[in-house]
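*Asks:* At position 247 of the sequence shown the residue is numbered 249 (the working numbering), and the sequence of numbers has no breaks.
It should be emphasised that the hints constitute simulated quantities derived from the structure, not laboratory data. None of these values were measured; they are calculated from a predicted model. Some hints here could point you the wrong way.
As the list claims (entries may be wrong) - If you anchor each label on the Cβ, the simulated ranges turn out as follows:
1) P111 <-> E253: 49 to 57 Å
2) V9 <-> K257: 23 to 31 Å
3) T73 <-> E233: 18 to 26 Å
Heads up, the beta-carbon is just placed ideally off N, CA and C, and yes, glycines get one too.
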Amino acid sequence: MPVDKIVLKGLTKVFSTGYGPVTALSSVDLTVREGEFFVLLGPSGCGKTTLIRIMAGLEHQTSGEFTIARTDGAKPQTAMVFQEDSVFPWMTVQDNIGYGLSIQGVPRPAIARTVTMYLEKVGLTRFARAYPFQLSGGMKKRVGVARAFAADPEVLLMDEPFGELDEQTRVLLQAELVKIWDENRKTVVFITHSIDEAIVLADRILVMTAAPGRVKAVVEVPFPRPRQAYEMRADPAYGRLIHQLWGLLREEVLKAKGEEVAVHVPLI
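Input sequences plus hints: build the corresponding full structure.
*Replies:* Here it is, written out as structure tokens:
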């Protein structure tokens with residue numbers, strides 16, 4: 003029976019601004035299972051990033067409960083891959099990948115073995131001594147993913163890491179990510195705006211409402227792994243799932259756009 007890894011109960015986040023309090027998340031109840039690839043899908047500004055930052059310990063909820071069930075106190079609780087490039091420009095690729103292990107005090111020989119393994123997994127072995135300025139955008143994302151997995155956290159958090167990449171590179175990185183994840187089944191929480199990407203990656207998809215963010219629906223993805231969107235498009239079940247998810251999202255996207263207009267267009 004699946005074990006609950008992440009549990010949120012009535013989680014609410016209110017930010018104080020010069021215009022008054024702004025509620026980003028409202029009474030979020032959520033459970034993520036051990037070893038699950040869980041995807042957050044919702045309109046811009048719905049609180050997805052705020053939610054994942056609370057999971058990472060970078061923000062604190064205003065009210066409600068949030069717990070991660072620890073199974074190994076020696077491991078980091080979480081590691082995060084950001085939307086923006088977060089590799090250290092002054093470090094080589096191999097030093098970037100090994101950074102999390104070095105701050106944990108892992109012996110150098112063990113770091114070297116782990117770094118070598120992940121360099122191979124993400125196809126960057128011959129770029130081990132290169133610096134980030136010498137890499138393409140997709141290669142930098144590979145470094146970020148490898149660094150996060152190499153640190154061996156209990157939970158891996160990913161905030162739209164492939165959002166700025168071209169479609170071809172994104173498809174390749176999705177496949178690489180799932181292949182690495184499938185080897186250890188680490189718990190992953192992943193943010194995306196793409197319905198296709200959500201279906202390719204997720205065990206379950208959480209659809210969020212427009213701000214303030216709430217849980218609108220949690221949808222199981224029924225397709226076996228590995229998955230490729232361009233192969234699944236011929237399956238009528240894929241079309242039905244796309245239709246279901248867009249049906250859930252469309253109303254929230256329109257609400258979010260309406261709120262943007264209300265905020266930015268003065269009434270005459």
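*Asks:* Take the hints in turn and mark each one as holding or not.
*Replies:* Now for the hints, and whether the structure bears them out:
At roughly 55 Å, the beta-carbon separation of P111 and E253 lies within the given 49 to 57 Å, and the hint holds. Hint check: V9 to K257, Cβ distance near 28 Å, so the stated range 23 to 31 Å holds. For the pair T73 and E233, the supplied restraint of 18 to 26 Å is violated, since their beta-carbon distance comes to about 35 Å.
Hint 3 from the list above is the single one not met by this structure.
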